[in-house]
Structure formats: C-alpha cells, structure tokens
Amino acid sequence: MTTNKTYPRLTIRRRLRRFLCDRTFWSLLLATGLLGTLTGLRNSQRQGLHPRQYDRIKAGWHHCADVVLIGDSRVMCGLSPAAMASQLPGLRILNYGLAGQGLCPEVLDKIEQLLDPQSQRKTIVLGLSPALLRGGIGGIGGEKPKGPQSATDAPAHQRIVRQWFEPLVESLDTMSIQQILQVTFGRTKKRYSLKIYHADGWMETSLVPENRSRALSHYIKRFSDIAVRDGRLLKLLTDRIRRWHSRGIRLYAFRPPTTAKMVALENTLGGFNQDAAVAALTAAGGIWLPVDQTGYHSYDGSHLRYDAARKLSADLAEQIRRAEEAGSR
Numbered sequence: 001m002t003t004n005k006t007y008p009r010l011t012i013r014r015r016l017r018r019f020l021c022d023r024t025f026w027s028l029l030l031a032t033g034l035l036g037t038l039t040g041l042r043n044s045q046r047q048g049l050h051p052r053q054y055d056r057i058k059a060g061w062h063h064c065a066d067v068v069l070i071g072d073s074r075v076m077c078g079l080s081p082a083a084m085a086s087q088l089p090g091l092r093i094l095n096y097g098l099a100g101q102g103l104c105p106e107v108l109d110k111i112e113q114l115l116d117p118q119s120q121r122k123t124i125v126l127g128l129s130p131a132l133l134r135g136g137i138g139g140i141g142g143e144k145p146k147g148p149q150s151a152t153d154a155p156a157h158q159r160i161v162r163q164w165f166e167p168l169v170e171s172l173d174t175m176s177i178q179q180i181l182q183v184t185f186g187r188t189k190k191r192y193s194l195k196i197y198h199a200d201g202w203m204e205t206s207l208v209p210e211n212r213s214r215a216l217s218h219y220i221k222r223f224s225d226i227a228v229r230d231g232r233l234l235k236l237l238t239d240r241i242r243r244w245h246s247r248g249i250r251l252y253a254f255r256p257p258t259t260a261k262m263v264a265l266e267n268t269l270g271g272f273n274q275d276a277a278v279a280a281l282t283a284a285g286g287i288w289l290p291v292d293q294t295g296y297h298s299y300d301g302s303h304l305r306y307d308a309a310r311k312l313s314a315d316l317a318e319q320i321r322r323a324e325e326a327g328s329r
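Yeah, the sequence shown ends on 329 if you go by my numbering, and it's all consecutive.
Hint data in this document are derived by calculation from the structure and do not stem from the laboratory. A few of these clues could be false.
Listed next, the in silico EDC-like pairs over lysine to aspartate or glutamate satisfying Cα-Cα at most 16 Å (straight line) [to be verified]:
id	residue 1	residue 2
1	LYS195	ASP66
2	LYS122	GLU324
3	LYS195	GLU210
4	LYS195	ASP307
5	LYS122	ASP66
6	LYS122	GLU106
7	LYS311	ASP292
8	LYS235	ASP275
Just need the whole structure built from these sequences, with the hints factored in.
Now the structure itself:
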C-alpha cells in the first residue's frame with residue numbers, strides 16, 4: 001500500500017530566507033560590488049585620450065585637414081597643432097607623426113588622403129629626421145607603414161572589436177593597484193613618464209627624472225644595424241614632392257631638434273648629409289625651414305619636453321606664415 005506524502009508549500013517569506021542564505025547569492029553580490037567599485041575608481045591621473053582612442057581617431061582621418069604634420073616620434077611628440085594654430089588661424093592642422101616610422105609609399109599615400117581635396121591651402125610639414133631616411137629607428141625598414149590601421153583596411157573581426165569592445169574597455173579605464181595605493185597614502189612616484197594623447201595627433205610627453213643621454217645607446221645600435229638607405233628613400237621623397245608641387249600642395253621641411261650629442265651621432269654614425277638633403281628637397285619644390293638644433297629642451301636626448309614642443313610649434317608656424325605672406329606678394 002502506497003501513501004502519497006504531501007509537503008507544505010514554501011511561503012514567499014521562507015523562499016526569500018533560503019535565497020538570502022545561499023552562498024552563491026552572496027558570492028555574486030560581492031563580485032558585483034567589487035566590479036562596481038573598480039569601475040568607479042576611474043583613472044583620475046589620466047589626462048587626454050585613452051591610447052586606443054587616440055589610435056582609433058588617427059586611423060579614421062580622411063580628407064579632413066588643411067595642414068598635415070608628418071615624420072617619426074619626434075614629430076608626434078614635438079609638434080602641437082593647437083600651438084601652431086595661433087600663427088596659422090582658420091586652418092585644420094593634424095599631427096600624423098608615427099613612432100619609429102620610415103618613409104614608404106603607403107605612408108605617403110595616406111598623407112595625401114588626409115588632406116581635404118577642397119582645401120585652398122593644402123600643406124604638408126615634414127620633420128626630416130635622419131632616422132626617417134634610414135627606414136625608421138623602429139627597424140621596420142621603411143617597407144610597411146607603422147601606425148594606426150585604417151578602419152576600412154582592418155579585417156571584419158577587428159572592426160567589430162574596435163567598434164564595440166574597445167570603447168567599453170576605454171570607458172572602464174580603472175586605476176592600477178599601484179595607483180590606488182598612491183592615491184590612498186598620498187605617495188607620488190619618483191620615476192614616471194608623462195604621456196598625454198591629444199585628439200589632434202600630438203602626444204605630449206616628458207620624463208621624470210630626465211635623462212638627456214637615454215636615447216643615444218638605442219640610436220647607436222639602430223644606426224649600426226640598419227643599412228644606409230638615404231639615397232633610395234630621399235629619391236622616393238623628392239619624387240613625391242614634385243607630384244605634390246604639381247597639384248598645388250606645399251611642402252615645408254625641417255630637421256627636428258634634439259641635443260648636441262644626438263646631432264653629432266646622426267651626422268657621423270647615422271651618415272646624415274643635411275646639406276645634400278636640403279638641396280634635393282628645395283630642387284623638388286619644397287621649402288626648408290631652419291631650426292636651431294639645440295635650442296629646444298629634450299628630456300631624453302631625442303624627444304622634446306611638452307613646453308619646448310609648444311615653442312617649436314609656434315616658431316615653425318610663424319616661419320610658414322611669413323613664407324606664405326612673402327609668396328602671396
């Protein structure tokens with residue numbers, strides 16, 4: 001004989017009590033709280049754009065500039081479009097300097113695509129560093145462009161990541177454990193590098209403490225490893241300048257300033273012949289802008305400190321303004 005057992009129905013109160021006693025619930029609650037706390041601890045020390053956002057903005061530039069600044073990291077860190085705008089008002093100026101970059105057709109093509117075809121003052125400002133004519137200090141050999149990949153050139157899965165997931169990661173931008181401890185106990189780092197990414201392409205930089213010989217050893221190694229390409233890449237550049245000149249695109253060039261030791265290294269081991277380069281550029285239709293090579297403060301022997309970068313930017317823009325005023329007379 002079988003009997004049917006009946007169980008009393010759990011009341012809503014008892015169900016709620018059981019749920020609140022569940023370890024899984026408390027684990028999820030704790031994890032949610034920790035995630036919310038970390039999300040709330042945004043990196044208050046960050047200034048400017050997130051590095052990924054900076055790259056994404058640069059990759060999206062297309063037919064949007066009157067003036068494009070090009071070169072390697074000395075241009076990326078050394079020229080502020082905002083500082084140049086004081087001498088060149090009304091112009092859209094973008095910094096397309098790429099770290100470690102050498103000259104190559106792909107980069108020169110991209111530069112043309114950044115200029116607005118409807119602009120009446122299409123201008124390119126080239127920071128002609130010796131490393132640029134040797135394939136780039138990054139060692140890429142000047143064969144492929146190094147820098148933010150165009151959104152249309154990226155594979156489909158990369159475009160999805162950039163469109164949906166990267167902005168989410170950037171929005172979280174939480175502080176590191178070290179930064180949290182520094183803020184909590186009021187301690188400041190004795191050594192740090194400043195990097196502020198601007199939407200116009202300038203990367204504002206500095207180093208504490210400064211080391212004005214820091215870059216020398218790296219350049220010595222790279223100049224020793226990279227074969228001389230001055231002639232081939234200089235011809236590539238001058239051919240493109242002639243094409244730009246025929247299309248009404250102005251080309252201004254200058255040698256980015258560093259330190260006396262770096263200039264001597266580039267002229268000797270780097271094999272840079274500035275007089276020959278200037279002659280070739282001007283013969284192709286470019287305009288050379290003289291710059292005091294040791295007149296601006298470098299924090300590492302290669303790149304300019306942010307205040308010196310602003311000063312160089314304003315000085316170059318003033319030279320360009322005067323050259324255009326003289327040409328219009």
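Please verify whether LYS122 and GLU324 have alpha carbons no more than 16 Å apart. Holds, because 12 Å separates the two Cα atoms, which is no more than 16 Å.
So if I understand the rule, the pair passes when the alpha-carbon distance is 16 Å or less; does LYS122 with ASP66 pass? holds (5 Å)
Sort out whether ASP307 lies within 16 Å of LYS195, counting only the CA atoms. Between LYS195 and ASP307 the Cα gap is close to 13 Å, so the pair holds against 16 Å.
For the pair supplied as a hint, LYS311 and ASP292, confirm whether the alpha-carbon distance does not exceed 16 Å. holds (12 Å)
Hint check: LYS195 vs GLU210, CA-CA at most 16 Å. Holds or violated? Holds, at about 14 Å.
Within 16 Å, alpha carbon to alpha carbon, are LYS122 and GLU106? violated (19 Å)
Restraint status (C-alpha distance of LYS235 to ASP275 at most 16 Å): The given pair, whose Cα atoms are some 15 Å apart, holds under the 16 Å limit.
Does ASP66 sit within 16 Å of LYS195, going by the straight-line distance between their CA atoms? Not OK: LYS195 and ASP66 at ~26 Å, beyond 16 Å, violated.
Hints 1, 6 from the list above are not met by this structure, while the remaining hints are.
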